[in-house]
Amino acid sequence: MSGASGARRELLDWNLLYLFSFDIELDVDRQEKLGRFPNGFRLHLYVNQGLSQLYNVGREKTLAGDGRPSISGRIHWGTDQVLLREDDVAACKVRLAVTTNDGAIIHLYYRLQGYVGVGGVDRIERGVGLDRYGTERRPYEFPLISSPRFQTSSTRYGWLNDVQGIGFARAQIVRSRFRRVTQDIYALQ
Amino acid sequence: MTTAKKAMGLLWGERTSLIHKAMVYAFSLDVRARSNGPYLTIERAAPSRADDHEQYGVRHLFEETTVTVPEGLRCDVPTGYIDSGAGKIGDTLDPTSSWLEMRVRSTLEGGDARLYFDATGVVNFDGGPSAFRSAQAKTITGQAFLTSCQESSTATYRWLERRQLFGVGRVEGKNEGRSAPEWVLDFSFDLYAAL
Numbered sequence: 001m002s003g004a005s006g007a008r009r010e011l012l013d014w015n016l017l018y019l020f021s022f023d024i025e026l027d028v029d030r031q032e033k034l035g036r037f038p039n040g041f042r043l044h045l046y047v048n049q050g051l052s053q054l055y056n057v058g059r060e061k062t063l064a065g066d067g068r069p070s071i072s073g074r075i076h077w078g079t080d081q082v083l084l085r086e087d088d089v090a091a092c093k094v095r096l097a098v099t100t101n102d103g104a105i106i107h108l109y110y111r112l113q114g115y116v117g118v119g120g121v122d123r124i125e126r127g128v129g130l131d132r133y134g135t136e137r138r139p140y141e142f143p144l145i146s147s148p149r150f151q152t153s154s155t156r157y158g159w160l161n162d163v164q165g166i167g168f169a170r171a172q173i174v175r176s177r178f179r180r181v182t183q184d185i186y187a188l189q
Numbered sequence: 001m002t003t004a005k006k007a008m009g010l011l012w013g014e015r016t017s018l019i020h021k022a023m024v025y026a027f028s029l030d031v032r033a034r035s036n037g038p039y040l041t042i043e044r045a046a047p048s049r050a051d052d053h054e055q056y057g058v059r060h061l062f063e064e065t066t067v068t069v070p071e072g073l074r075c076d077v078p079t080g081y082i083d084s085g086a087g088k089i090g091d092t093l094d095p096t097s098s099w100l101e102m103r104v105r106s107t108l109e110g111g112d113a114r115l116y117f118d119a120t121g122v123v124n125f126d127g128g129p130s131a132f133r134s135a136q137a138k139t140i141t142g143q144a145f146l147t148s149c150q151e152s153s154t155a156t157y158r159w160l161e162r163r164q165l166f167g168v169g170r171v172e173g174k175n176e177g178r179s180a181p182e183w184v185l186d187f188s189f190d191l192y193a194a195l
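Going down the list, the sequences are from chains A and B.
First residue of the first sequence? That's 1 in our numbering, and the numbers climb one at a time after it.
First residue of the second sequence? That's 1 in our numbering, and the numbers climb one at a time after it.
Watch out, some of these pointers could steer you wrong.
Straight-line Cα separation of at most 30 Å, BS3-like style, residue types lysine-lysine; simulated pairs [as the list claims (entries may be wrong)]:
#1 A:Lys61 <-> B:Lys21
#2 A:Lys93 <-> A:Lys33
#3 B:Lys88 <-> B:Lys138
#4 B:Lys88 <-> A:Lys93
#5 B:Lys138 <-> B:Lys174
#6 A:Lys93 <-> B:Lys21
#7 B:Lys174 <-> B:Lys88
Hints listed in this document are in silico derivations from the structure and should not be mistaken for laboratory results.
Between the sequences and the hints, there should be enough to build the whole structure, so can you do that?
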């Protein structure tokens, strides 16, 4: 045990395994601004089911360096509970249900936490005049980092149950409404 | 035509290249936990005991005092000892699950500020989840990965509240139970900031 061998002086080895990418179109007609709560402003977002999909960017049939089948399909349900805190930090709880092209169902759950910039919460909450984030021609784009974990009963994709994922994402806001997100998901290993 | 399509003629999807990514080592978190069934109690690593203080706590492995996060900001690195904490391996609905939860309270150097970690992740024991539940096994090893959200009582570490950190870790354990497993588990995590 490390307790017996003294304090570590070296970083632990690790690697990233690319799993899949996905694009989410948010349903702009269904975004619910729930208002001010004691710990911030709450907002619920929903996925536009017909326009959200999952794919492999290299169009590979297997995962590079792993040999398991690649993952592609569509996102048939998804929601994001956003809490916009007073310190201009957005804390999100995202749940997605994916149906793969071979019929398996995979559930993704992740927390997401990110700084939305000075005055960012007010700009998203009110979104009028100069305070608006993004326009149709010039959407406001920003990076996000997600941390998905997976649950599935499929034997084909059961190995995902033991994986901690990391997602590198870009999100777009148009007229202070969250519009779309694209992500690359990797497994930490 | 839906509003989404009015906003942009083309969908974003079907990219053929990956998004740029960056991960920077921030600092390390080493804790000792005792198991009681699936539940973990994080042990206090007293600063008065030099060996505990060296092995468990919050520290930068190369003793840097600042770190440049992927956005380019220079941020102070926290250093401190472990106060207390709790956790869980598995899930109530699925006891064989490899999911890991851990909440750790640390006191930072100087003694007047606290840093809380609220982490979730996975732990994969060599030999599978049954190794952790076996009363016969005497030692155990495995890999653990987590993501952590932080809260701090000092403005110096406000940067940690604005991001998640990703932990790459190892676990080593010793079974001190006789009829049921009672593990003493040493978790070591290197925490990275990503963009």
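Hint-by-hint comparison with the structure:
1. A:Lys61 <-> B:Lys21: Answer holds: Lys61 of chain A to Lys21 of chain B is near 23 Å, not above 30 Å.
2. A:Lys93 <-> A:Lys33: Given pair Lys93 of chain A, Lys33 of chain A holds - Cα atoms ~15 Å apart, limit 30 Å.
3. B:Lys88 <-> B:Lys138: Holds - the C-alpha atoms of Lys138 of chain B and Lys88 of chain B are around 20 Å apart, at most 30 Å.
4. B:Lys88 <-> A:Lys93: 20 Å, holds
5. B:Lys138 <-> B:Lys174: Between Lys138 of chain B and Lys174 of chain B the Cα gap is close to 6 Å, so the pair holds against 30 Å.
6. A:Lys93 <-> B:Lys21: 22 Å, holds
7. B:Lys174 <-> B:Lys88: 17 Å, holds
Taken one by one, the earlier hints all hold for this structure without exception.
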